[in-house]
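Asks: As you go down the protein sequences, you meet chains A and B in turn.
Count the first sequence with full-length UniProt numbering and you get residues 1 to 377, in order.
Count the second sequence with full-length UniProt numbering and you get residues 1 to 377, in order.
If you're looking for bench data, these hints aren't it; they were derived computationally from the structure.
Worth double-checking, as some hints may not be accurate.
Identical copies carry no separate label here, and so any pair may be met within one copy or between two of them.
[Said to hold, decoys possible] Below, computed lysine to aspartate or glutamate pairings styled on EDC-like, alpha-carbon distance capped at 20 Å:
no., residue 1, residue 2
1, Lys12, Asp359
2, Lys4, Asp209
3, Lys224, Glu171
4, Lys51, Glu29
5, Lys82, Asp297
6, Lys323, Glu72
7, Lys323, Asp122
8, Lys82, Glu155
9, Lys9, Asp359
10, Lys293, Glu72
2 protein chains.
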Amino acid sequence: MAIKYELIKTCKQSGARLGRVHTPHGVIETPAFMPVGTQATVKTMSPEELKMMDAHIILSNTYHLFLRPGHELIRQAGGLHKFMNWDRPILTDSGGFQVFSLSEMRKITEEGVQFRSHLNGDKLFISPEVAMEIQNALGSDIMMAFDECPPHPAEYDYVKQSLERTTRWAERCLKAHSRPDDQALFAIVQGGMYEDLRRQSAMELTSMDFPGYAIGGLSVGEPKDIMYQVLDYTVPLLPAAKPRYLMGVGSPDALLEGSIRGIDMFDCVLPTRIARNGTTMTSQGRLVVRNAKYANDFGPLDPECSCYTCTNYSRAYIRHLIKADETFGIRLTTYHNLHFLLQLMRDVRRAIAEDRLLDFRDAFFTKYGLFDNEKGF
Amino acid sequence: MAIKYELIKTCKQSGARLGRVHTPHGVIETPAFMPVGTQATVKTMSPEELKMMDAHIILSNTYHLFLRPGHELIRQAGGLHKFMNWDRPILTDSGGFQVFSLSEMRKITEEGVQFRSHLNGDKLFISPEVAMEIQNALGSDIMMAFDECPPHPAEYDYVKQSLERTTRWAERCLKAHSRPDDQALFAIVQGGMYEDLRRQSAMELTSMDFPGYAIGGLSVGEPKDIMYQVLDYTVPLLPAAKPRYLMGVGSPDALLEGSIRGIDMFDCVLPTRIARNGTTMTSQGRLVVRNAKYANDFGPLDPECSCYTCTNYSRAYIRHLIKADETFGIRLTTYHNLHFLLQLMRDVRRAIAEDRLLDFRDAFFTKYGLFDNEKGF
Chain A
1 MAIKYELIKT CKQSGARLGR VHTPHGVIET PAFMPVGTQA TVKTMSPEEL KMMDAHIILS
61 NTYHLFLRPG HELIRQAGGL HKFMNWDRPI LTDSGGFQVF SLSEMRKITE EGVQFRSHLN
121 GDKLFISPEV AMEIQNALGS DIMMAFDECP PHPAEYDYVK QSLERTTRWA ERCLKAHSRP
181 DDQALFAIVQ GGMYEDLRRQ SAMELTSMDF PGYAIGGLSV GEPKDIMYQV LDYTVPLLPA
241 AKPRYLMGVG SPDALLEGSI RGIDMFDCVL PTRIARNGTT MTSQGRLVVR NAKYANDFGP
301 LDPECSCYTC TNYSRAYIRH LIKADETFGI RLTTYHNLHF LLQLMRDVRR AIAEDRLLDF
361 RDAFFTKYGL FDNEKGF
Chain B
1 MAIKYELIKT CKQSGARLGR VHTPHGVIET PAFMPVGTQA TVKTMSPEEL KMMDAHIILS
61 NTYHLFLRPG HELIRQAGGL HKFMNWDRPI LTDSGGFQVF SLSEMRKITE EGVQFRSHLN
121 GDKLFISPEV AMEIQNALGS DIMMAFDECP PHPAEYDYVK QSLERTTRWA ERCLKAHSRP
181 DDQALFAIVQ GGMYEDLRRQ SAMELTSMDF PGYAIGGLSV GEPKDIMYQV LDYTVPLLPA
241 AKPRYLMGVG SPDALLEGSI RGIDMFDCVL PTRIARNGTT MTSQGRLVVR NAKYANDFGP
301 LDPECSCYTC TNYSRAYIRH LIKADETFGI RLTTYHNLHF LLQLMRDVRR AIAEDRLLDF
361 RDAFFTKYGL FDNEKGF
């Protein structure tokens, strides 16, 4: 087995788990947030900066790397770790979600998905076997099975048909995966917002021996209380001895609610994407540093933050840089937002260790406000 | 006096000088190249990275900071050093060159220059007094007198009239400068490509007691041999006890030829600007890493370079990042180019110390080729 999950303890106040995922490139303390490095780089950040903020693992995107620069080139380079100079763990998604959300003229068959590249219109094809070939070439520590992620809302019949295909695809992935000793393959539970379908998907996938399980098809436009309901009934269906990964989730409230429900891993482009238009997560809630009211504000982005950005730079300076289209401004907001979420997860882990995660959540929400979709996250 | 120039020795092979400029924010080893941080940031770089490559001083632009965010805001922030988190020396130009090259609808009178902002069309005015007020607010270690920089080619009569006004403006700058104990004011010798006018400008300006002298109006489109001729007759007119600064020059060959002729300081946007389209300076000459031939090249940008970029990343990776519009690619080429020029100046200083700068230049040109305008620098 490429990875090993070590359960340290469960929070007495909630279903939250404190654990460690041991991988070929080091240990991930869980619950963990994974910064997203779509194109073999976490936008604007260096590997050293990611280490300075103590990111244990990053995610990179199979679909994007398949299109550009191509997985064969990365294989030649000695794998993704070497290519991008990152020696800690990497998780690659399967390309499934991106094929459905980014590509054009896609056609799904039992065999796989035919689509046109969103970059240049090239006709391409990804099947479970191709997704494994790509990810084996990339050499990520954790690979994801090729799945279909239906949009929200979707009809019951379609979701059922789709999850059953995802199960068959998962089985093919397991067979096609050529490096099980170096790379762990996670399956993705689908089933939309239907409890019985989530149960069906989880049962089918856990009957096969994957080293970890993800919950997909959430954070796709549904209200957050629906997402939490789905977690409430889906997480208990997953094996306790293996890591559980909630895909595409990264708002502070959802990281807390997911951890409380027993999720171990999260990823999201939210902190890096909002940073690029000058929006930051702070202990006082959402702060849009571009706004005119910060022009003469010489305080840090977040007075309670100890990150590189908040230690050294003012809101006025960061606003100036962003208004002047200076890259360094985006570096500073990106660094801060990623640090904010990684610090939140450190706090979550400590709260689990001390059996007070619900108290921590309540205090967080009271003090910081909800970082919900309505406020822009 | 805010600064002190210490002449360590003169090269026995050339007019080159090894020296130190002591400033309120530390020492500049000369001859020195100054990275340009136009808008209170060296594009894409952090202060820590500039220190890692051992930049002793950076330049920032009065015109740009006057327009945005405004010098009063930077004064409120505690000055430019504090605003941008850079505690080493800063030189600010006077805004003269930018007013003439960037602004619109400018009108020059004896009093100063009226112009419209290239950002928003605002009607603005800079005079020698305003240029001093701005730079005093910025708090740079070295300020530049407000000058007019005529284009090349320019008529003799115009250049003469212009340099005489520049002399009168320099005198007004000296009077208006309110912080001579904290900030050194350099005068700028003009005179175009006319030897007698350069002589006139140098004589007039050196008759006033400026702590340093710049040579302006070069690298404005004239052939390089003309520039070197102007240096040949202008540098000897400048006082040996004070630093000499050649403005706007930064190609490797011109740094060498300028040093040989006794120049102590240089600045140029060249290394940072070309980095942004994937052009790099290497020991093998100009290398455009965007080019398709580097797609599968897993070697460093420059096999003889020891910089952060060349130690950790391949041409293939950097090319991928730049093709994919990833900021980190530009960070890597920018870092390398700045390091290349700073390393060149370290080599120049050592060659002066060992009385072999002409030998060093010849070896450099033989091995590296000329980095001349024809090749894109």
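Asks: Please go over all the hints and tell whether each is borne out by the structure.
Replies: Taking the hints in turn, this is what the structure says about them:
Proximity of Lys12 to Asp359 under the C-alpha cut-off of 20 Å is restricted to the intra-copy arrangement: shortest distance 11 Å within a copy versus 75 Å between copies. For the homomeric pair Lys4 and Asp209, the shortest alpha-carbon distance inside one copy (13 Å) is at most 20 Å, but the shortest distance between copies (73 Å) is not. Taking identical chains as interchangeable, the C-alpha atoms of Lys224 and Glu171 are never at most 20 Å apart, the minima being 31 Å within one chain and 68 Å between chains. Taking the closest pair of Cα atoms, Lys51 and Glu29 come within 20 Å of each other only inside a single copy of the chain (14 Å); across copies the shortest separation is 33 Å, beyond that limit.
Only between protomers do Lys82 and Asp297 lie at most 20 Å apart by alpha-carbon distance; the minimum there is 14 Å, versus 42 Å within a single protomer. Only between protomers do Lys323 and Glu72 lie at most 20 Å apart by alpha-carbon distance; the minimum there is 17 Å, versus 40 Å within a single protomer. Proximity of Lys323 to Asp122 under the C-alpha cut-off of 20 Å is restricted to the inter-copy arrangement: shortest distance 17 Å between copies versus 37 Å within a copy. For the homomeric pair Lys82 and Glu155, neither the shortest alpha-carbon distance inside one copy (43 Å) nor that between copies (58 Å) is at most 20 Å.
In this assembly of identical chains, Lys9 and Asp359 lie within 20 Å of each other by CA distance solely inside one copy; the values are 17 Å within and 69 Å between copies. Proximity of Lys293 and Glu72 under a CA criterion of 20 Å is satisfied inter-copy only: 16 Å between copies versus 49 Å inside one chain copy.
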